[in-house]
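S.K.: Sequence:
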Amino acid sequence: MSWAFVDNKQSNWDQLFPSLEFAYNGAVNASTGYSLFFLNTGHSVCQATVVAVDSFLTEQATTLILAQDALQRAQDQQGEQAYKRRRDNISSKSMTNQVLLSAANITIPAHSTRPADKLRPQYIGPFILLEQHSPVTPPR
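Position 125 (the sequence shown) corresponds to 125 in our numbering; numbering is contiguous.
The set of hints was computed from the structure by calculation and includes no laboratory data.
If you're wondering where the values come from, they're calculated on a predicted model, not measured in any experiment.
Even glycine gets a Cβ: it sits at the ideal position worked out from N, Cα and C.
Mixed in with the good hints, there may be bad ones.
Distance ranges between label pairs, derived from CB positions [said to hold, decoys possible]: (1) 86 / 125: 15 to 25 angstroms; (2) 75 / 125: 22 to 32 angstroms; (3) 80 / 55: 29 to 39 angstroms.
When you get a sec, could you build the whole thing from the sequences and use the hints?
M.R.: Structural data, given as structure tokens:
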């Protein structure tokens, strides 16, 4: 995610990282339904109220149970979606589908001036799928 917040020369990441970290920890997670900050501290980023210890611990324990339940539901839903996209369903792709290519072994001249490889885009594309030789062979 950090590659989206740096300039082309990757010289300003140290200035933008605290804002990125604050936004990431304060954002509500789709799987748990809570922010990381809330799960760790028991209150939202914007709140600065002091809570009694007993009620805080009770609320925190309840929140963690709810988050675990939400994670289990999300894991079940993600598993169902993953089974729909297994290798045996690849033959059902139409020729109008688009694919992304891994940029791991591809040298792009515009990215050669960037000092750190880890902040380069991981995929290039999308490209239109023109031909597929078999269900298990990737297109050429």
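S.K.: Okay, residue 75 versus residue 125 on CB: inside 22 to 32 angstroms?
M.R.: holds, 29 angstroms
S.K.: Falls inside 15 to 25 angstroms, the C-beta gap from residue 86 to residue 125?
M.R.: holds, 22 angstroms
S.K.: Quick check on a hinted range of 29 to 39 angstroms for residue 80 and residue 55, using CB atoms only.
M.R.: Holds, at about 37 angstroms.
Violation of the numbered hints given earlier is absent; every hint is satisfied by the structure.
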